[in-house]
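Start from the sequences and build out the full structure, keeping to the hints where you can.
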Amino acid sequence: MLLVILDHQGDALTEAGREALTFGRTLAGRMGVDVEAAVIGSDASALISEAGQYGAATVHTATHELLTDYGPDAHSSVVEQMIRELEPDAVLACGTERGNEVMAHVAARLDAPFVANCVDVTPGDSWTMTRVQWGGSLLEDCALDADVALLTCGLHAVVAEPGDGQEPDAESFDVALTDADLVTLVRQRVVMEAGVTLPTAPVVCGGGRGVGSAEGFSQLEELATLLGGRVGCSRAVTNLGWRPHSDQVGQTGTRIAPEIYIASGISGAIQHWVGAMASKHILAINTDAEANMVVKADWAVIGDLHEVIPAIIAEVSARRGS
Amino acid sequence: MRILCCVKRVPAPGAKINVTDDGMAVDAAHLGFTTSPHEECAVEGAVQLVEQHGGEVTVLTLGSGEASEQLRYAVSVGAAHGVLVDVGSSDWDPQRTAAALTEAIVALEQEQPFDLILFGNESADSGGFQVGIRVARALGRPVVQGIKGIEVSGDGSAAGTVTARREIDGGFEVYELPRPCVLGVKEGLNLPRYPTMKGRLASKKVEIPEVATSAVAGGQQRVKLHRPEETVSETVILGHGPEAAPAVVDVLAELGVL
Ligand SMILES: Cc1cc2nc3c(=O)[nH]c(=O)nc-3n(C[C@H](O)[C@H](O)[C@H](O)COP(=O)(O)OP(=O)(O)OC[C@H]3O[C@@H](n4cnc5c(N)ncnc54)[C@H](O)[C@@H]3O)c2cc1C
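So the sequence lines, in the order shown, correspond to chains V and R.
The numbering of the first sequence is our numbering, which starts it at 900 and goes up by one.
The numbering of the second sequence is our numbering, which starts it at 16 and goes up by one.
What the hints contain is simulated information worked out from the structure, not anything from laboratory work.
A few of these clues could be false.
[Unchecked claim] Short, incomplete list of chain V residues facing chain R, as computed with Cβ under 10 angstroms:
{"no.": "1", "residue": "P971"}
{"no.": "2", "residue": "K1179"}
{"no.": "3", "residue": "I1212"}
[Unchecked claim] Cβ-to-Cβ under 7 angstroms is the rule here; a few derived chain V residues that face chain R:
{"no.": "4", "residue": "A1003"}
{"no.": "5", "residue": "V1014"}
{"no.": "6", "residue": "D1040"}
{"no.": "7", "residue": "L1081"}
{"no.": "8", "residue": "T1083"}
{"no.": "9", "residue": "Q1087"}
{"no.": "10", "residue": "G1094"}
{"no.": "11", "residue": "V1102"}
{"no.": "12", "residue": "G1115"}
{"no.": "13", "residue": "W1198"}
{"no.": "14", "residue": "A1199"}
{"no.": "15", "residue": "E1206"}
[Claimed, not checked] The calculated label-pair distances, taken between Cβ atoms and stated as ranges, are:
{"no.": "16", "chain 1": "R", "residue 1": "S104", "chain 2": "V", "residue 2": "V1090", "range": "23 to 31 angstroms"}
{"no.": "17", "chain 1": "V", "residue 1": "T1186", "chain 2": "R", "residue 2": "Q63", "range": "33 to 41 angstroms"}
{"no.": "18", "chain 1": "V", "residue 1": "V1194", "chain 2": "R", "residue 2": "D265", "range": "42 to 50 angstroms"}
Being a predicted model, the structure only gives us computed values, none of them experimental.
Glycine included, C-beta positions come from ideal geometry on N, C-alpha and C.
Okay, structure coming up:
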């Protein structure tokens, strides 16, 4: 049996939870086993039905007064208990921050290997899989030797799609938590931002070292505001202290997926590119026609961004005015 | 406060990553090397805590002999000691790496435990998302990942707590851990400083002791590295300089973002 650990928010699966089941259906097919799912911290019937739509034959729910919020120790303790009792051949979660964190704890508890962020998995006597390295710039094929395969699938490695959609069996799972499982519970939750955030902005105006100064970003701010978007930047810019790290796009920053990414004065290093590549369209503005960002973009303007961006702002304003 | 930072030396590729002929490593023949960005922030965070509360920072790495370059860099920005687990140039699997680091930490803690151990959330190259957690569990200490803010109660030594902020979509979660504890930190925790002249001198002089390990291979083994398939698109040049603005705005209008 393949046990899929589901990420959920309230009474619905998150997109990551749906992706895990979608990925899990293919994997279980290759293994020749059923998909069963685990929901930690809720037994809402809407969640159970949705897990069924996405292919779970059985849904195990674990509820406890101390499981209403997230905690890596508590959640991984539940998964460990499920593994000991339900004896799955493999356990899969989606490679979100939490998914990877919980599975790493489970692996450490069992002293078993854990393969993070798989994009393809071939079960067999010896399992092989392809996983993401360098935040997506490189792939690694590896072999796994384990009693139970502990895996996460890379976030967005598949597009979530419902399956046959039968109503699953619901089983409530009895959990026992110890004091040690309760050390790492969330003490406080702080909501910061409302409105358009960098990961969800429809337009991102990115600036790199070519912007030249912190002040230089005011033009990008103006353009972003005009287009209802957000300013992004490269790591060179954050390292120089021109913008906060929360604006950084890339492997160690934010992954963006706007309708258009306007990348000005950014060379397009691979670590920046992996954060930008989910953009539906890319327009590069650069003095260097050979820059990687220009070569990979859909459109490019060759020139000094300090001249091009004000001209774009003027043109947008002119068309809006007329 | 005694703080340990575990760091990894990684190559710094530019426009693309090349792989060696045998597929087992990144071809770094023409590349510079750096400390994984999350861990650069871990070192800076540790140095700041020690500046506030007193104490010292030790930096530990598992890697080749060349990785002492990254330990020396950490000393140049304020760490007191660097310790190397020399395993040659091969990239060890996560279980083995964690076992070797645990062994080294136990050896370093013979006299006194570290109040806080910092790891990068994940290494920049192999990205296994687990070494810090395995080490923490082996040491029996609490650990939380994804940390972008750290506060320490009291003077930082002995009993007390660490308050850690973890960024989530549109906000953050706060955890409060008893010391000693372990955190997996992310870039954005702080803006790492540059070495000072005094720091550079100290880094040249510092002894880098080595710790041996008996850790054995884990259950996940590399077969080969390869680049993902790329969809090559033809770039349409909209023009040169400010004269291209109308063409740019045509594109924006076409995409419906005007
Ligand atoms: C492990 C690791 C992780 C990393 N993670 C990230 C990450 O998350 N995000 C990230 O961005 N980087 C990351 N980096 C850094 C990355 O490798 C590059 O160093 C960085 O992206 C370069 O930033 P840049 O393009 O702004 O600067 P540069 O590479 O210096 O490029 C500047 C560009 O501006 C152009 N330019 C200059 N003047 C003008 C002008 N007046 N008008 C128009 N164009 C101009 C130049 O032609 C050039 O193309 C990481 C590196 C490592 C090793």
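For each hint, the structure was consulted:
| no. | hint | result |
| --- | --- | --- |
| 1 | P971 | 7 angstroms, holds |
| 2 | K1179 | 8 angstroms, holds |
| 3 | I1212 | 9 angstroms, holds |
| 4 | A1003 | 4 angstroms, holds |
| 5 | V1014 | 6 angstroms, holds |
| 6 | D1040 | 4 angstroms, holds |
| 7 | L1081 | 10 angstroms, violated |
| 8 | T1083 | 5 angstroms, holds |
| 9 | Q1087 | 4 angstroms, holds |
| 10 | G1094 | 10 angstroms, violated |
| 11 | V1102 | 5 angstroms, holds |
| 12 | G1115 | 16 angstroms, violated |
| 13 | W1198 | 5 angstroms, holds |
| 14 | A1199 | 5 angstroms, holds |
| 15 | E1206 | 5 angstroms, holds |
| 16 | R:S104 - V:V1090: 23 to 31 angstroms | 46 angstroms, violated |
| 17 | V:T1186 - R:Q63: 33 to 41 angstroms | 38 angstroms, holds |
| 18 | V:V1194 - R:D265: 42 to 50 angstroms | 22 angstroms, violated |
When held up to the earlier numbered hints, the structure conflicts with 7, 10, 12, 16 and 18 and fits the remainder.
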